[in-house]
Amino acid sequence: MKVFTLLLLSCILLTCGPTEAPTATDLPTGGATVSGRVAGGAGEYITLFYASRLRGNLNPDGFRTKGMRMEPDGAFHFTVDQVTEGGNYALRLKNGFYPLILSAGDVLSLTLDPTNPDATIIAAGTGAGKINFQRLDQLDLDYGYIVAPDTPVAFAARADSVVAAHRRILETVYAGDVQSPVVTGASNQADLEHLMTQTPLSPEEYSYLDQLLRLRRFTFTESWLSGMADDPKLAALPIDGQAFPPFDDAASVRLNHINDFRLANGLEAVLTLEHVKDLSRRSDTPLTYGDWRERLWQDSGDWNTNFLRENFPDNIYTSYYSALAGWMLTMGQDPGQYYARLDPAADGAFTARLQQFEHLLERGTRLEQGLEADSLILDQPELRALLDRYAGQELLINFWSAEFAGSSIVDDIPLMQDFQARNRGKLAVINICVDSLRHKDLWAARIIDSDWDAEHYFVPIEGNDGLLNDFTARNLATFCEGGASQAYIDAQGTIFQEINAPFYKLADEIAREVHP
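Per the working numbering, the sequence shown starts with residue 1, numbered consecutively.
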């Protein structure tokens, strides 16, 4: 099965005739603009959000999700004041998800048509080259074939061949060599020529893509190693280092950020493979494919710390551990094990962001913001009393978990606020966080941090078994099933569970759906 290089490309279409590229006029220093049109998108709501590489969604540069209703012709325009360099962003509509990689100075123009996802993706404007390059058919991957359990020599030959071919395409595109056989012999010759002539790669884009392709060799090997460990016939074999890519210090030091999750995953793969090699060298008995999973984590914390310090720039080290600390912090866990590896004197945007969020977890902050009131903490009788206050009205209840949805639901806050404004006087909305009592501070921090101005309540899961049975079949307080769920109560008091994408709708639309 093919795995496309650009995230969720089946949802994306940037047509061959993009809108006219905007200019960089008034672009903030370090910022970017994303604009364009969506076919059939008149009046629809669109958001631009940041997708952190680990759960938590703490953007180091203070970005907050932006949202707007598109113009009658489907036009939209977003300005990001401060871009997290090379970070994962995305546009989202009701029926589409459009991932982007943004860099400071990007002025992107996109034409989107969710009805035709198979068309070629072409973007226009500054920074479009890296998008168009990653959409090339040549970068499609048959991932299962590449990493299938096999002899080390056979696997290495496949992996090396793919990486070499992709890097050859990159070099050709960057050089703008339209006469190269790589171009003239390609079935998508027109796409390649358009990329080279209309959206040529800048040196910064080339560097980013080069890093991405180099690190693929490590991620391929990590996946292959997992497959070998899971294959009963191969698990007992001693690990053969022939399949492992050589660690190139010079190439790795060029890694100037890990904001793109694929770069971060590549770095993780480097750490895994180099640790496996080191364990193999130090082991009294051969390390097998079957036992590396368990033995891999022996002293890995200190080993990773030392390896990162010795082989990568300080900003990579700080970003790596700051992201892990942020992940734990925003899941309501103790981040101490990662804080301990950060330099207290490190002057980084991410470390400052962690300190800011940590302050919001303090009881005093909740008290100042009015989120410590007992009236906001509900048990079953109090929840029933709250709902009785809305008797005779249409009501939408947004149930969410601070631990398991806090990192994603904040992306929908502009949409939810737009929903409330459009339906004011027709339908009321309340937000109820259902979580462990120890996450009450996390609930408050998420609300304050996101400027989420709405009606909020907190229901501890302790002692409230079965409270949600009438409203949802989902267990919000679990990692896989958790998240958010919306229930609708009509004016007659009938409860309807699991309303699909309610925040994109008007109250009348929801009523028609539940009462067809």
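Treat the hints as calculated values from the structure; they're not laboratory data.
Every residue gets a Cβ at the ideal spot worked out from N, C-alpha and C, and that includes glycine.
Some clues are possibly wrong.
Computed cross-link-like contacts, SDA-like style, restricted to lysine to any residue with a CA-CA straight-line distance of at most 25 Å [unchecked claim]:
no.: 1; residue 1: K66; residue 2: N88
no.: 2; residue 1: K94; residue 2: G105
no.: 3; residue 1: K66; residue 2: R92
Each pair of labels, with its calculated beta carbon distance range [to be verified]:
no.: 4; residue 1: E498; residue 2: P181; range: 18 to 24 Å
no.: 5; residue 1: G466; residue 2: S375; range: 53 to 59 Å
no.: 6; residue 1: G62; residue 2: T285; range: 47 to 53 Å
no.: 7; residue 1: P72; residue 2: E358; range: 43 to 49 Å
no.: 8; residue 1: D302; residue 2: E382; range: 46 to 52 Å
The hints, checked one at a time:
Only pairs whose Cα atoms come within 25 Å are accepted, and K66 paired with N88 is accepted, the gap being roughly 15 Å. Proposed proximity of K94 and G105 is contradicted: the alpha carbons are some 28 Å apart, above 25 Å. Between K66 and R92 the alpha-carbon distance is near 11 Å, which keeps this suggested pair within the 25 Å criterion. The hint said 18 to 24 Å for the Cβ distance between E498 and P181, and at roughly 55 Å that hint is violated.
In this structure the hint that G466 and S375 lie 53 to 59 Å apart at CB is violated, the actual value being about 23 Å. Restraint check, G62 to T285: a C-beta distance of roughly 51 Å satisfies the suggested window 47 to 53 Å. Our hint of 43 to 49 Å for P72 and E358 holds, since their Cβ atoms are close to 45 Å apart. Between D302 and E382 the C-beta distance comes to about 49 Å, which sits within the given range of 46 to 52 Å.
Hint violations for this structure: numbers 2, 4, 5, all remaining hints satisfied.
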